[in-house]
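Chemist: Assemble chain B onto chain A, guided by the hints.
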Amino acid sequence: MNYIETSTGKWEIVIGLEVHAQVISNSKLFSSASTKFGVSPNENASLIDAAFPGTLPVINSFCIDQALKTGLGLNGKVNLVSFFDRKNYFYADLPQGYQITQFYHPIVSGGYVQIEDAAGETKRINLDHIHMEQDAGKSIHDQSPTKSFIDLNRSGVALMEIVTKPDMKSAEEAATFLRKLRSILRYLKTCDGNMDEGSMRADVNVSVHRPETEYGTRVEIKNINSIKFLMTAVDFEVERQIKIIESDRKVEQETRLFDSSTGKTKTMRSKEDAQDYRYFPEPDLPPLILTQSRIDAIRNTIPELPDAKAIRLQRDYNLPSYDAHLIASEKEVADFYERALDSIKKDENAAKLLSNWIIGELFALLNKHNKTIEESSVSPEHMGELILLIKTNVISGKIAKDVLDLMWKTQESPDNIVEANGWKQITSFDAIKDSVKEVLANYPDKVVEYQNGKEKLFGFFVGEVMKKTNGKANPQILNEVLKKNLPIS
Amino acid sequence: MYNLSLYDVREGLSNKKFSSVELTECFLDRIEQFNDLNAFITVCADRALGSAKKSDQRIAEGKAMELEGIPLAIKDLFLTKGIKTTAGSKMLYNFIPPYESTVTKKLLDAGAVFLGKTNMDEFAMGSANITSYYGNVVNPWSKDKKLVPGGSSGGSASAVAGHLCVAATGSDTGGSIRQPASFCGIVGLKPTYGRCSRYGMVAFASSLDQAGPLTKTVRDAAILLKIISGYDENDSTSSRESVPDFESFVGKSVKGIRVGIPKEYHMAGMSEEIIEFWKKGAELLKEAGAEIVDISLPYSKYALPTYYIIAPAEASSNLSRYDGIKYGFRANGVSLNEVYENTRAEGFGDEVKRRILVGTYVLSAGYYDAYYMRALKIQKLIRQDFSHAFEKVDLLLTPTTPNSAFAFGEEPKDPVTMYLNDVFTVTANIAGLPGISVPIGLDKQERPLGLQLIAPHFKEDLLIQVGSALEKSANFPTLMEIAQ
Chain A
74 MNYIETSTGK WEIVIGLEVH AQVISNSKLF SSASTKFGVS PNENASLIDA AFPGTLPVIN
134 SFCIDQALKT GLGLNGKVNL VSFFDRKNYF YADLPQGYQI TQFYHPIVSG GYVQIEDAAG
194 ETKRINLDHI HMEQDAGKSI HDQSPTKSFI DLNRSGVALM EIVTKPDMKS AEEAATFLRK
254 LRSILRYLKT CDGNMDEGSM RADVNVSVHR PETEYGTRVE IKNINSIKFL MTAVDFEVER
314 QIKIIESDRK VEQETRLFDS STGKTKTMRS KEDAQDYRYF PEPDLPPLIL TQSRIDAIRN
374 TIPELPDAKA IRLQRDYNLP SYDAHLIASE KEVADFYERA LDSIKKDENA AKLLSNWIIG
434 ELFALLNKHN KTIEESSVSP EHMGELILLI KTNVISGKIA KDVLDLMWKT QESPDNIVEA
494 NGWKQITSFD AIKDSVKEVL ANYPDKVVEY QNGKEKLFGF FVGEVMKKTN GKANPQILNE
554 VLKKNLPIS
Chain B
25 MYNLSLYDVR EGLSNKKFSS VELTECFLDR IEQFNDLNAF ITVCADRALG SAKKSDQRIA
85 EGKAMELEGI PLAIKDLFLT KGIKTTAGSK MLYNFIPPYE STVTKKLLDA GAVFLGKTNM
145 DEFAMGSANI TSYYGNVVNP WSKDKKLVPG GSSGGSASAV AGHLCVAATG SDTGGSIRQP
205 ASFCGIVGLK PTYGRCSRYG MVAFASSLDQ AGPLTKTVRD AAILLKIISG YDENDSTSSR
265 ESVPDFESFV GKSVKGIRVG IPKEYHMAGM SEEIIEFWKK GAELLKEAGA EIVDISLPYS
325 KYALPTYYII APAEASSNLS RYDGIKYGFR ANGVSLNEVY ENTRAEGFGD EVKRRILVGT
385 YVLSAGYYDA YYMRALKIQK LIRQDFSHAF EKVDLLLTPT TPNSAFAFGE EPKDPVTMYL
445 NDVFTVTANI AGLPGISVPI GLDKQERPLG LQLIAPHFKE DLLIQVGSAL EKSANFPTLM
505 EIAQ
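Line by line, the protein sequences give chains A and B.
Using the working numbering, you'd call the opening residue of the first sequence number 74 and step up by one each time.
Using the working numbering, you'd call the opening residue of the second sequence number 25 and step up by one each time.
Take the hints with a grain of salt, since some may be wrong.
What the hints assert, rightly or not - Straight line, CA to CA, 27 Å or less: simulated BS3-like cross-link-like pairs of lysine-lysine:
id	chain 1	residue 1	chain 2	residue 2
1	A	K160	B	K377
2	B	K483	A	K211
3	B	K287	B	K77
4	B	K114	A	K220
Source of the hints: derived by calculation from the structure; they are not laboratory data.
Computed from a prediction, not measured in an experiment: that's the story for all the values here.
Extracted from the complex, chain A is given alone in its bound form (with noise of 0.2 Å):
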């Protein structure tokens, strides 16, 4: 179990998330206005967007299959039959004075997502269901003293709320769902998990208590639009409560808000202010009726997802697991790193090399230009080709990364940048055997302090001959040679 403890004792924390994310589709839920980031206010308003009277919603079947596809993603059941609710609240970004949303019966129920907790077990973290509904404007009170400005961009763009069952028990297992949620949504094309623009956000549900007794209170934070701030916020929510209740003081149910300036949680209503936002059921909009040949259709469209890749990466070309999990968790890297594989005719030997250069060199050139893997200045063939070169010993590791340095720089292939800087490696016994032996002759002192005992200066020997064949040496060969030549006395 997972424990924390302070002077009093052990306590165990309980986590339960709802996931907003935003639906991929061109247009929104309930109106063909366009769903695209970054036009000007407004531009993305329609009638229906701005609810003009007389208006009426119209269902955007695409964002019924893409939740529809995401339900089935998650191993849910997507119910044949459901409904829309209206959620009736006053707000100047929400137009039609509520918001649509499925409230009493969800389009799918249950699911889970796999995970591995910090123990490396595999868990379960359960959904209770998913449910669509549309998202609200913006407003902007920032632009002057005493007026607010409205942007209905965003109004009526397509969500899905992911809600977990209260499964999680620390906030990197909180992390990990997440990071996982949003691997498969993007797996699934249904949500591009992007946080930074708002289209994955999360309201995290907290409580703390002793073990082997009941649930404590628990306090909702609102969105939560990064998974540091995920953290952050579980754990300062988490010492907040322990301190409440170990100074003899009970813990409110409240809704709070997270400043990620500040790193805390500040109280945004308690529960006798929650508003009564008088759900009923849409009467615009008739049930949402599925068929089974529906259902069926796009379960055939749902792709080998991270967990069935990372077992079948592990089974078919020998990877370790945490290799294959960091691999799969991205669709864009296990596209890359089996585009690679394919061109080096999937070369079993090479898997684990060629995993070790992406997760390491690949990775760190890609963060340090600020890139994707699908905007990688090296392609997956010609990343193929390096590992060849590596494997075939016709370059050094060492070599190596400098050569996929100057693939990223000009973009040319790894065969074309080591012959053209003539960096191939020495592999010819005799070859070696001449620089040996010159190198042996110039430090005629050294070599007797070597067979004197002091082995150590075998480093020193290998170093001169690599600067005089210009690091091209193959390493086992000269080892071998120097070892030759370098008979102890």
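Modeler: Frame of chain A, contents of chain B only:
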């Protein structure tokens, strides 16, 4: 020519007895002349004459469409592109719609000429047309005392009865077409829920609202109904049911048709005269060959309370969009909440506020199950009532209203008593059924009374068939005939 039916006007136009411009001018003159009726909120004379001219051209070229050049009045709840649309409220006193409602678009596409927008109870909430921000509408049947026209489509009913237009559109959420039709001695038809698109109609109660015609004859209602009916991709609750040629059912024999008389529609306090006319209607249909069957709709008595839970609940939510932020009336305030409070306090009238409060209450946590959920359950039972009845009979005959039009100042002061005006009409809305009110006669005070027919879903053809038979036998005098 102003007292002709739509059918006759269409004949006259195609036979070139008169032009659409002449006709339109004639109605515009009458609208001015009978300004006291206050039937219109907006008159669009120039636009009407412009479209009349174009219609005359098309008639001359032999390209006339179904409603070519026919001057109509439009309830001010249908959004008309470029023509102010207020829904009878201060809240929309300056609202000029950027798009056309489906119903009015269909009428325009058929060549109709719009004379203007008719007065109505604010947001269609009322049964006497005394809640409009733009003043009361007067019933043209008024003599010594000014009578109410009924509501909420009071302006449309008054305009049709007073011959200020050939026909008009209305909307009916609990009786808002049929009740004023009955009070004004004209025909009013509420179609099956889903028959006409609600796109572009200012919403009152979304699950009950339906557009429909107010006309001088049953045949006219059939002609208009055909044009405004049909599936609309912009309204997900509109039906794909095929639209028959309703007009072909006018005058069809009613022999063998089983007409049900629901005993629950005998209500305490109902006038003897109404009961007499109801009996007379049944007699007339019997004479025409129909079979009269006594039936029971046991849950009818719960229809009115059910209606006054469901309709305000939906209205309280539908009217949330009128907040002063995007369009329409805005009152100032230093905070967002103050803008809301001031806008809605000044922008809505008392009846609208009352219903928003009731609706908000019945949807509130802790009351939802007791009121709203229970109302939905009773709604199911009422629907079952009707389906059982329609196993035994083809359609139902009832009074449209428990009383005839009352005079201003004599309306019930207690809103709940006022709501009783809708007691016979709300059932059709609750069950989504089509209903028609046909004038049957004048009471002792020479005020019109109507009878209502209610048919199964999408059986408006039956309403036309039996309604026209009733109309024929009742031989109801139009106002003009009386005047002459």
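Chemist: Against each hint, give a clear statement of whether it holds in the structure.
Modeler: Now the hints, each set against the structure:
Distance restraint check for A/K160 and B/K377: the Cα-Cα separation of roughly 20 Å lies within the 27 Å cut-off, and the hinted pair is therefore satisfied. Taking the CA atoms of B/K483 and A/K211, the gap is near 47 Å; set against the 27 Å cutoff, the hint is violated. Between B/K287 and B/K77, the direct Cα distance comes to roughly 53 Å. Violation of the 27 Å bound is thereby established for this hinted pair. Of the pairs offered as hints, the one joining B/K114 and A/K220 holds, with about 25 Å between alpha carbons and a cut-off of 27 Å not exceeded.
Checked against the numbered hints above, the structure breaks hints 2, 3 and satisfies the rest.
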